[in-house]
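Number of protein chains: 2
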Amino acid sequence: MDASYRRSMINSLAGFRQAVLVGTISDQGVTNVAIFNSLIHLGANPPLFGLISRPDSVSRDTLRNILNTGYYTLNFVSTDMAQIAHQTSARYDVSEFEALKLQQFYSENFLAPFIQDAVVKIGLKFEEKLDITINGTVMIIGSIDRIIVHDDIICNDGFMDLSRLNVLVSCGLDAYYSVNPISRFAYAKPTHMATKLDFN
Amino acid sequence: MDASYRRSMINSLAGFRQAVLVGTISDQGVTNVAIFNSLIHLGANPPLFGLISRPDSVSRDTLRNILNTGYYTLNFVSTDMAQIAHQTSARYDVSEFEALKLQQFYSENFLAPFIQDAVVKIGLKFEEKLDITINGTVMIIGSIDRIIVHDDIICNDGFMDLSRLNVLVSCGLDAYYSVNPISRFAYAKPTHMATKLDFN
Chain B
29 MDASYRRSMI
39 NSLAGFRQAV
49 LVGTISDQGV
59 TNVAIFNSLI
69 HLGANPPLFG
79 LISRPDSVSR
89 DTLRNILNTG
99 YYTLNFVSTD
109 MAQIAHQTSA
119 RYDVSEFEAL
129 KLQQFYSENF
139 LAPFIQDAVV
149 KIGLKFEEKL
159 DITINGTVMI
169 IGSIDRIIVH
179 DDIICNDGFM
189 DLSRLNVLVS
199 CGLDAYYSVN
209 PISRFAYAKP
219 THMATKLDFN
Chain F
29 MDASYRRSMI
39 NSLAGFRQAV
49 LVGTISDQGV
59 TNVAIFNSLI
69 HLGANPPLFG
79 LISRPDSVSR
89 DTLRNILNTG
99 YYTLNFVSTD
109 MAQIAHQTSA
119 RYDVSEFEAL
129 KLQQFYSENF
139 LAPFIQDAVV
149 KIGLKFEEKL
159 DITINGTVMI
169 IGSIDRIIVH
179 DDIICNDGFM
189 DLSRLNVLVS
199 CGLDAYYSVN
209 PISRFAYAKP
219 THMATKLDFN
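Protein chains in written order, with this note's numbering: chain B, 29 to 228; chain F, 29 to 228.
Do not rely on the hints blindly, as some may be mistaken.
Unchecked claim - Okay, the calculated beta carbon distance ranges per label pair:
(1) 178/B / 30/F: 33 to 39 Å
(2) 56/F / 136/B: 35 to 41 Å
(3) 157/F / 174/B: 29 to 35 Å
(4) 220/B / 220/F: 52 to 58 Å
(5) 32/B / 221/F: 32 to 38 Å
Calculated from the structure, these hints are not laboratory results. All C-beta atoms in this analysis are idealised placements derived from N, C-alpha and C, irrespective of residue type, glycine included.
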């Protein structure tokens, strides 16, 4: 198995994942957008998300900006932006906002740029870098500072049905998908099968 | 915001994720299945996957079994098993294989049980437990020992199109989705927009 074949196979075997465009700004004021597919929910209280970064990849600009400024944005886009989302993985010499004509959006008292057309915008404050020494990757841990989404995707219990926004999902290094809801289920107890719940 | 509302919201904000049933066996021979949605691709060479576990959750049996035996399985199921997949999150006193009438599958020279009906079966060897001290969670890191999938989902370049298997995807704590392919794209270069590729 050659290295490229192996990389494609192993990456796709990790399954479907949220496509996330990470927005940052350098301490010289140069903005950056890079696609990640390694968003991790670490906990709700405090609200912590992780991202995996390889020091040797395109995402090194993102990592450096986060470490230097302490703030970054997560942007989920709809499926009609699949090609632009993928294109942020190219090694541009200029800001991806400029190269790809992405409009910036700034939220009050928040340093890092959001993507105006993103359907979900999450502002994160850097908390910790965790070294994964076994293969030289790092986990960037951040706490949620703010969330900007349309109210009408929020269900009665706080659940957000992102499928209403036609959010882009990825698999492997270059494949993109949309999602369709099947069902929600009640909290599972050993006495009986959990009943189906509506998305409302 | 009460704790339950907040938990639902933050969990769903982490986006769409692969639903994974983790199969383990205790050193007394009691099997276990638990659903996770925190599968992380850490690297292709060596092929390493991570899983996030909370010591206080149902998944504590899974964590203990992995630490004691050194082996575990990742099982992706199709959407018609959504309810059973969710139901593995109940706190059963007996094996979920027994309680939910899931058939076990054992691969030669591999200790941990697979789910017979899983459409993707990955056997992992435990490598390392990483403490995420900021909130008391742990990352279980394992290397891929074996992969059991149908050949016909493997594309020419090694990419596996899991959507052909109608693989179950989750969001938040209790919502399940299916996926539809949009496109693959060529490796992105700054000189031009990446072209669309077929899934073959």
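Next on the checklist: Hints numbered earlier in the text: which of these fail when held up against the supplied structure?
Outcome noted: Per hint list: 1, 2 and 5 violated.
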